[in-house]
Amino acid sequence: MEIIVIVVIVFIFLIFFKRNRHNNKPKNLGPFPAEWKTFLQTKIEFYRELTEAEKFQFEKRLQHFISTIQITGIDTNVEDKDKLLVAASAIIPVFAFPNWEYPDLREVLLYPASFNEKFIAGESDSLIQGMVGTGYMEGKMILSKPALHLGFTNHEDKKNVGIHEFVHLIDKADGEIDGIPRILMNREFALPWMELVRQKMEKIYALDSDINPYGGVDKREFFSVIAEYFFERPKLLKRKHPELYKHLNAIFTSNLAEKYRGAEKKREINRNDPCPCGSGKKYKYCCGSPSKQI
Numbered sequence: 001m002e003i004i005v006i007v008v009i010v011f012i013f014l015i016f017f018k019r020n021r022h023n024n025k026p027k028n029l030g031p032f033p034a035e036w037k038t039f040l041q042t043k044i045e046f047y048r049e050l051t052e053a054e055k056f057q058f059e060k061r062l063q064h065f066i067s068t069i070q071i072t073g074i075d076t077n078v079e080d081k082d083k084l085l086v087a088a089s090a091i092i093p094v095f096a097f098p099n100w101e102y103p104d105l106r107e108v109l110l111y112p113a114s115f116n117e118k119f120i121a122g123e124s125d126s127l128i129q130g131m132v133g134t135g136y137m138e139g140k141m142i143l144s145k146p147a148l149h150l151g152f153t154n155h156e157d158k159k160n161v162g163i164h165e166f167v168h169l170i171d172k173a174d175g176e177i178d179g180i181p182r183i184l185m186n187r188e189f190a191l192p193w194m195e196l197v198r199q200k201m202e203k204i205y206a207l208d209s210d211i212n213p214y215g216g217v218d219k220r221e222f223f224s225v226i227a228e229y230f231f232e233r234p235k236l237l238k239r240k241h242p243e244l245y246k247h248l249n250a251i252f253t254s255n256l257a258e259k260y261r262g263a264e265k266k267r268e269i270n271r272n273d274p275c276p277c278g279s280g281k282k283y284k285y286c287c288g289s290p291s292k293q294i
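Under our numbering, the residue at position 30 of the sequence shown is numbered 30, and the numbers go up by one with no gaps.
Bear in mind the hints are in silico, worked out from the structure with no lab data behind them.
None of these values were measured; they are calculated from a predicted model.
Incorrect hints may have been included.
[Stated by the list, open to error] Capping the alpha-carbon separation at 20 Å, the derived lysine to any residue pairs in SDA-like fashion look like this:
| hint | residue 1 | residue 2 |
| --- | --- | --- |
| 1 | 55 | 83 |
| 2 | 60 | 121 |
| 3 | 60 | 32 |
| 4 | 159 | 238 |
| 5 | 83 | 30 |
| 6 | 83 | 33 |
| 7 | 140 | 103 |
| 8 | 55 | 76 |
| 9 | 140 | 175 |
| 10 | 140 | 121 |
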């Protein structure tokens with residue numbers, strides 16, 4: 001009898017905990033600060049390309065994230081602009097899914113610089129810019145604050161560490177970080193996706209790709225790396241990797257190549273200049289030559 005009572009009490013506690021965890025949205029978040037809106041308009045290209053109604057939804061979701069996820073500075077101060085960039089990194093990949101939550105995330109730690117596997121910054125091996133915690137760090141994400149800001153400043157490099165790490169959490173939503181976001185991917189697309197990833201990783205190994213070489217580490221990193229590319233340079237991705245773009249568009253249900261009206265402005269580029277896509281090749285042998293596109 002006592003065992004039954006204990007089981008019932010534990011069951012009730014778990015229900016109460018889960019209900020409070022997923023319904024912790026404040027009833028009244030208040031008006032979105034004007035200075036925050038200005039910051040987003042200046043720094044977040046994704047936000048600039050939204051309609052006014054979409055901007056309103058984006059703002060509310062940022063407020064919800066900031067009010068429910070702890071953002072802590074480790075040997076660095078955390079300002080509103082830091083919180084906004086962390087929240088934007090979280091919301092951009094899942095903006096098409098209005099009810100999306102990150103149930104496995106409780107806290108984001110901001111470091112003053114890159115760090116090592118012992119979470120120490122400033123050492124010779126402090127090369128990590130972002131990490132999703134596991135083990136005793138489960139429920140936490142670590143980001144280098146300078147790298148976080150750089151991701152929203154430099155779009156040419158197709159890198160955004162904040163988006164990269166939150167895409168890992170999206171991948172993890174089905175129970176495993178494996179580069180196959182089954183929770184967002186129809187089952188029939190899984191095998192074609194894996195085959196396409198294999199082909200693109202082989203291109204990376206052969207040094208015949210403009211995709212960040214870090215995507216060649218494994219399928220998990222490839223998914224996050226190519227998602228960075230998708231959200232940073234959608235028009236370029238669609239032009240150079242149409243099949244990848246098609247799959248990512250289906251996963252994130254966001255036709256960014258059409259939305260980003262000003263993302264790919266025409267630039268005067270000499271045929272012998274380095275290609276702006278970051279491949280390291282001359283423009284005439286890369287984006288300037290359709291026959292050389294991959």
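Taking the hints in turn, this is what the structure says about them:
1. With a C-alpha separation of about 17 Å, the suggested pairing of residue 55 with residue 83 holds against the 20 Å cut-off.
2. At roughly 34 Å between alpha-carbon atoms, residue 60 and residue 121 are farther apart than 20 Å, so this suggested pair is violated.
3. Between residue 60 and residue 32 the CA atoms are separated by roughly 8 Å; this keeps the pair inside 20 Å, and the hint holds.
4. Distance restraint check for residue 159 and residue 238: the Cα-Cα separation of roughly 16 Å lies within the 20 Å cut-off, and the hinted pair is therefore satisfied.
5. Note on residue 83 and residue 30: the hinted pairing holds, with a Cα-Cα distance of about 17 Å set against a maximum of 20 Å.
6. Note on residue 83 and residue 33: the hinted pairing holds, with a Cα-Cα distance of about 13 Å set against a maximum of 20 Å.
7. Taking the CA atoms of residue 140 and residue 103, the gap is near 11 Å; set against the 20 Å cutoff, the hint holds.
8. Distance check on the hinted pair: residue 55 and residue 76 sit about 30 Å apart at the alpha-carbon level, beyond 20 Å; violated.
9. Straight-line distance between C-alpha atoms of residue 140 and residue 175 comes to about 16 Å, which keeps the hinted pair within the 20 Å bound.
10. A threshold of 20 Å between alpha carbons decides the hint, and for residue 140 with residue 121 the separation of about 17 Å falls inside it, so the pair holds.
Of the hints listed earlier, those the structure fails to meet are numbers 2, 8, in rising order.
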